[in-house]
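Colleague: Sequence lines, in order, name chains W and A. Using the working numbering, the first residue of the first sequence is number 1, and each one after it goes up by one. Using the working numbering, the first residue of the second sequence is number 1, and each one after it goes up by one.
A few of these clues could be false.
Said to hold, decoys possible - Derived DSS-like pairs (lysine-lysine); straight-line CA-CA distance at most 27 Å:
{"#": "1", "chain 1": "A", "residue 1": "Lys100", "chain 2": "W", "residue 2": "Lys141"}
{"#": "2", "chain 1": "A", "residue 1": "Lys45", "chain 2": "W", "residue 2": "Lys141"}
{"#": "3", "chain 1": "A", "residue 1": "Lys100", "chain 2": "W", "residue 2": "Lys53"}
Said to hold, decoys possible - Chain A is faced by these chain W residues, among others (derived, beta-carbon under 7 Å):
{"#": "4", "residue": "Glu9"}
{"#": "5", "residue": "Ser13"}
{"#": "6", "residue": "Ile28"}
{"#": "7", "residue": "Tyr39"}
{"#": "8", "residue": "Ser67"}
{"#": "9", "residue": "Pro153"}
{"#": "10", "residue": "Phe157"}
{"#": "11", "residue": "Ala161"}
{"#": "12", "residue": "Ser165"}
In case anyone wonders, no lab produced these hints; they're calculated from the structure. Yeah, the Cβ is synthetic: ideal placement off N, Cα and C, and Gly gets one too.
Take a look at the letters that make up each chain.
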Amino acid sequence: MQIEPDDAESGFSCGKHPLDDYFKRHAIRNDRAGISRAYVLRRVETDPPELPKLLGFYTLSMAVAESAPIAKLLEAKLPKYPMPVALIGRLAIDTRAQGRRFGEMLLMDALHRVVDAAGIVGCIGIIVDAKDDGAERFYMKYDFVTVSAEIWPHRMFLPIATARSAFSEQ
Amino acid sequence: MRLEATVPENRGAAVVQLADELGLTRSQLIDEALTLFLKAVLEVKRGRRLVTLDPRTAQPACELATPTLSALEWALRPEPLILPAEALAKMRAMTEAAPKASPRLRGAVKRQRK
């Protein structure tokens with residue numbers, strides 16, 4: 001579901017300050033400004049009532065992956081063309097709701113949206129920013145491969161054809 | 001001009017029901033729906049959002065979105081993502097020889113659909 005203004009005051013906390021701060025202060029504003037879409041997962045009737053109302057969120061935007069100008073000059077043989085990708089910038093689950101596959105649920109929702117979108121706009125794959133080891137291991141479980149690991153966050157990539165095959169083989 | 005389309009059963013039923021309710025033919029109903037959608041696409045391409053408005057408060061009540069409109073909107077504002085050239089080369093190689101989804105990823109999709 002798309003984020004609503006009240007969500008910022010839901011008390012969401014994933015235990016990581018930058019993500020909590022982003023959700024509270026910037027997610028709705030960036031969503032409304034069209035900078036990056038924020039989607040939330042809310043507790044439903046079948047969930048245990050002790051879970052928080054807002055279980056998690058992720059952000060999605062389109063990006064153009066390109067190399068630094070200096071690298072372009074120095075390494076003429078490497079790819080030069082910008083590549084359109086979808087970017088899952090942030091994905092977080094409230095600490096009270098962790099360990100229940102809600103992260104997987106949000107990631108699959110994001111992949112589904114990107115696979116749908118890739119039917120009408122150019123998109124060669126999905127990039128995620130793994131903020132730490134735990135996040136990197138999480139994304140690796142779902143076929144993401146680390147393409148840049150010099151500094152954190154590590155950038156990971158999943159080709160759109162791989163994502164599409166996951167949905168088409170059902 | 002005659003157009004043919006395949007839609008989910010429930011959507012087809014809703015079209016028939018709504019056409020009866022509004023006293024329109026199915027063609028009239030679909031024509032109006034398409035006019036609205038074409039307008040929606042044009043507005044999104046101009047960088048605008050679609051919302052419903054509550055006339056009592058003049059405040060937006062809810063935002064309208066479809067996968068197509070969201071995709072168009074995303075495509076309008078791509079942000080630059082600077083990566084090392086090696087990373088781009090790796091992405092390109094992965095794209096050219098993309099593996100099929102692993103059983104684990106397929107399993108996650110299956111669980112999501114349930």
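Colleague: Confirm or reject each hint.
Modeller: The hints, checked one at a time:
At roughly 14 Å between alpha-carbon atoms, lysine 100 of chain A and lysine 141 of chain W fall within 27 Å of each other, so this suggested pair holds. For the hint pairing lysine 45 of chain A with lysine 141 of chain W, the CA-to-CA distance comes to about 36 Å; that exceeds 27 Å, so the pair is violated. For the proposed pair lysine 100 of chain A and lysine 53 of chain W, the alpha carbon gap of about 36 Å is over 27 Å, so the pair is violated. The criterion of a C-beta within 7 Å of any C-beta in chain A is not met by glutamate 9 of chain W, whose closest approach is roughly 18 Å, and the hint is violated.
The interface hint given for serine 13 of chain W is violated, since its Cβ lies 25 Å from the closest Cβ of chain A, which is over the 7 Å cut-off. Taking 7 Å as the C-beta cut-off, the interface hint given for isoleucine 28 of chain W is violated, the closest approach to chain A being about 12 Å. The criterion of a C-beta within 7 Å of any C-beta in chain A is not met by tyrosine 39 of chain W, whose closest approach is roughly 10 Å, and the hint is violated. For serine 67 of chain W, the shortest C-beta to C-beta distance to chain A is roughly 4 Å, which falls under 7 Å, so the interface hint holds.
With its C-beta approaching chain A no nearer than about 12 Å, proline 153 of chain W sits outside the 7 Å limit, and its interface hint is violated. Using the Cβ-Cβ criterion of 7 Å, the hint placing phenylalanine 157 of chain W at the interface with chain A is satisfied: the shortest such distance is roughly 5 Å. Against a cut-off of 7 Å between C-beta atoms, the interface hint on alanine 161 of chain W holds, since the closest Cβ of chain A lies about 4 Å away. Hint status for serine 165 of chain W: holds, given a least beta-carbon distance of 5 Å to chain A, under 7 Å.
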